[in-house]
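Chains as they are written, first to last, in this note's numbering: chain G, 1 to 278; chain A, 1 to 278; chain H, 1 to 278.
Take the hints with a grain of salt, since some may be wrong.
A pair counts as met if it fits within one copy or between any two copies, since identical chains are not told apart.
Unchecked claim - Okay, derived cross-link-like pairs now, DSS-like style, lysine-lysine, Cα gap no bigger than 30 Å in a straight line:
{"#": "1", "residue 1": "K240", "residue 2": "K165"}
{"#": "2", "residue 1": "K240", "residue 2": "K119"}
{"#": "3", "residue 1": "K20", "residue 2": "K189"}
{"#": "4", "residue 1": "K243", "residue 2": "K78"}
{"#": "5", "residue 1": "K20", "residue 2": "K243"}
None of these hints come from the bench; they were simulated from the model.
Listed below, chain by chain, are the residues.
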Amino acid sequence: MTNREIQEISCILEAVREQKPIVHHITNYVTVNDCANVTLAIGASPIMADALEEIDDIGSISSSLVINIGTLNERTVKSMLLAGQKANERCIPVILDPVGAGASALRNQTVEKLLQEVKITVLRGNMSEIGFIAGVQKGARGVDAAHNKDSLENSAAMVQEFAQKLNCVVAATGAIDILSDGQRMFYIKNGQAVLGGITGTGCMCTSLIASFCGAGKDYLSAAAGGLLCMGIAADLAWPKTQKAGLGSLRMAIIDELSHMQSGTIEQYANIVIPLQTD
Amino acid sequence: MTNREIQEISCILEAVREQKPIVHHITNYVTVNDCANVTLAIGASPIMADALEEIDDIGSISSSLVINIGTLNERTVKSMLLAGQKANERCIPVILDPVGAGASALRNQTVEKLLQEVKITVLRGNMSEIGFIAGVQKGARGVDAAHNKDSLENSAAMVQEFAQKLNCVVAATGAIDILSDGQRMFYIKNGQAVLGGITGTGCMCTSLIASFCGAGKDYLSAAAGGLLCMGIAADLAWPKTQKAGLGSLRMAIIDELSHMQSGTIEQYANIVIPLQTD
Amino acid sequence: MTNREIQEISCILEAVREQKPIVHHITNYVTVNDCANVTLAIGASPIMADALEEIDDIGSISSSLVINIGTLNERTVKSMLLAGQKANERCIPVILDPVGAGASALRNQTVEKLLQEVKITVLRGNMSEIGFIAGVQKGARGVDAAHNKDSLENSAAMVQEFAQKLNCVVAATGAIDILSDGQRMFYIKNGQAVLGGITGTGCMCTSLIASFCGAGKDYLSAAAGGLLCMGIAADLAWPKTQKAGLGSLRMAIIDELSHMQSGTIEQYANIVIPLQTD
Chain G
1 MTNREIQEIS CILEAVREQK PIVHHITNYV TVNDCANVTL AIGASPIMAD
51 ALEEIDDIGS ISSSLVINIG TLNERTVKSM LLAGQKANER CIPVILDPVG
101 AGASALRNQT VEKLLQEVKI TVLRGNMSEI GFIAGVQKGA RGVDAAHNKD
151 SLENSAAMVQ EFAQKLNCVV AATGAIDILS DGQRMFYIKN GQAVLGGITG
201 TGCMCTSLIA SFCGAGKDYL SAAAGGLLCM GIAADLAWPK TQKAGLGSLR
251 MAIIDELSHM QSGTIEQYAN IVIPLQTD
Chain A
1 MTNREIQEIS CILEAVREQK PIVHHITNYV TVNDCANVTL AIGASPIMAD
51 ALEEIDDIGS ISSSLVINIG TLNERTVKSM LLAGQKANER CIPVILDPVG
101 AGASALRNQT VEKLLQEVKI TVLRGNMSEI GFIAGVQKGA RGVDAAHNKD
151 SLENSAAMVQ EFAQKLNCVV AATGAIDILS DGQRMFYIKN GQAVLGGITG
201 TGCMCTSLIA SFCGAGKDYL SAAAGGLLCM GIAADLAWPK TQKAGLGSLR
251 MAIIDELSHM QSGTIEQYAN IVIPLQTD
Chain H
1 MTNREIQEIS CILEAVREQK PIVHHITNYV TVNDCANVTL AIGASPIMAD
51 ALEEIDDIGS ISSSLVINIG TLNERTVKSM LLAGQKANER CIPVILDPVG
101 AGASALRNQT VEKLLQEVKI TVLRGNMSEI GFIAGVQKGA RGVDAAHNKD
151 SLENSAAMVQ EFAQKLNCVV AATGAIDILS DGQRMFYIKN GQAVLGGITG
201 TGCMCTSLIA SFCGAGKDYL SAAAGGLLCM GIAADLAWPK TQKAGLGSLR
251 MAIIDELSHM QSGTIEQYAN IVIPLQTD
């Protein structure tokens, strides 16, 4: 990521705060409140709605769509599929969070179906989830292969290849976040390992990405913007709350997001020099 | 609102803290935790239950009912209707929060049906939602008309007229909250615009109103009490948390509500001299 | 509880932090976020999943199961029963939280069915819920009897007797928590009455117990460990947040849990000399 690219990302944040895009969420009931609050804190406007009967109406007033399968069920999976298809018809970006991919056949089949029937704009998961899905896409053997790739270079190759295959942005979060649209690669080092001790930090990343995608058309930059905001918020919040504990950290992340400005991104973005992955 | 009226409202708060009325909620999964926590913080006792099979039982031990359509679906709409009808039979106050009215036909039809089949005690929404419903009640043309009324005087007339038509208390929140039972008008200036940056502050108002309605029979005063508590809590919390951010503000609102006493209301109520609206 | 028993409990906490057991929750949407966050704060790993189609898969990777009936419905009750049976087949501990037992026939029947069809490992409820269920088990008359037993000695006898009857650990929380596996009795005085002003503190206890049960085979000690952690967290958090209010207390409890170590338990466990109950 170059300084120019970071500036472009920070411009999208300004657009989010100006345009207040409506972000339609079909998401889980575990972290939904946090997702709504980070969406508001970054300047966008969340609508949570999962009833099949209103999917089309809500989609018609939204600027982006989050599909998060965290607590999926038969009823909501139907809504996810319909919402995705309607968003495709309207050229509204669709951000998929395959929470727990690999943990159950229901989740795996739902992700498969979503990838087949909906054109995804950004796929955001942790490295393990992305690796699992990429592996499944390659066949059962691929799973192990993907899981054995533990170097940054191998992970980057997997993300880029999968982004090419899906023809979308893939954003795999981890110690270093790796993003690709199949051509360009972005690497982000912001963020704290301790985030794993708070539920929903991944879901919140996805909602932030969707907020950015609602205001910017370069979806790789939009995805990077969402992850930069979360990572920087954590970097700023953790030193202030480390002594207190994880409850305080969770609150402070929302605090930092609510103050996040384009200058904050430019000042604190901790990026990695692009690797040669092909 | 006169000083005497404020005193009556603050007496209801004392009654809430003494009687600990049970407030049955059928509400959305986005802000339900906050609704439960503000209900407890103000001294009442929340029960969240939406299964049709237990609606009657839960209603039989409750002092008021919240119907909040924030994440409605086919199953829960049935429960809302039954709960409302059972509450009517038992003369238990019903507080309706038409979250997102105007955003989908499902929401509009559900609100219509609830207003037709249930005697609502207090309708609490933001000015846009109330305006939309009032407009719908007048016919499709009325929607635009309602939205064009932007002066306080016009809004007040709309609220009063709609309260008369529905024969209930209408509480429309905004920069100035406007409440009417069709005759009397209350205006509340407490509260902070920044509350729009936190999800569920409207839902929390509704739960506070329901807490008051569970302990006081003058429902206009009860509705004003709920809104005063939220507004004052925000007024006290915001100066302490403005520098920190929205996560801290959200926590501090619960803090302030948990310390709210009758004297707090009397000291900080920021009311507007009644307008002549007819 | 002896010092040796407290040491054994604190060893289980160390095992939780080392093993990070996966705790499958089928729980309510009111407090689910708090349940996930306390599970993480104590070192375990929560998975919330309630779709019947994935119950078996999720169970196969979990170390313990929480069944919390707080916002049960027809669909999720089926999942609870299946999850419980599958956990029994796999010898995975099942922790049942009968939220609101006594408040509706649906809840009572569900608890009955769960106790009949699933071998429960730990039943965790407040004294009133446990008393109600124990009474129901004895027949309708027993309910009143149970509720009239208000002395510690009578409550302890009820808990022990019920633990014998169910052949499981019963953990009844209150001013003094009473736990029994039918033989041994544990009494815990940690905790603050003010916890009743925050939603979900009972549910959080249950999730903590399940975290301990996922790492320790002595389920009475595991149950005591979960309750000690919650009680001690409250004891440490309350003096720091009493002036601020209940919002701050809620956050501080998560803070304290995230710093909880075996030494914290050993230092602050406030136990009662065992009574003679038979």
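These are the hints, each one checked on the structure:
no.	hint	in the structure
1	K240 <-> K165	neither (42 Å within a copy, 51 Å between copies)
2	K240 <-> K119	neither (41 Å within a copy, 46 Å between copies)
3	K20 <-> K189	both (27 Å within a copy, 25 Å between copies)
4	K243 <-> K78	neither (45 Å within a copy, 43 Å between copies)
5	K20 <-> K243	between (35 Å within a copy, 22 Å between copies)
Violated hints, listed in ascending order, are 1, 2 and 4; each of the other numbered hints is respected by the structure.
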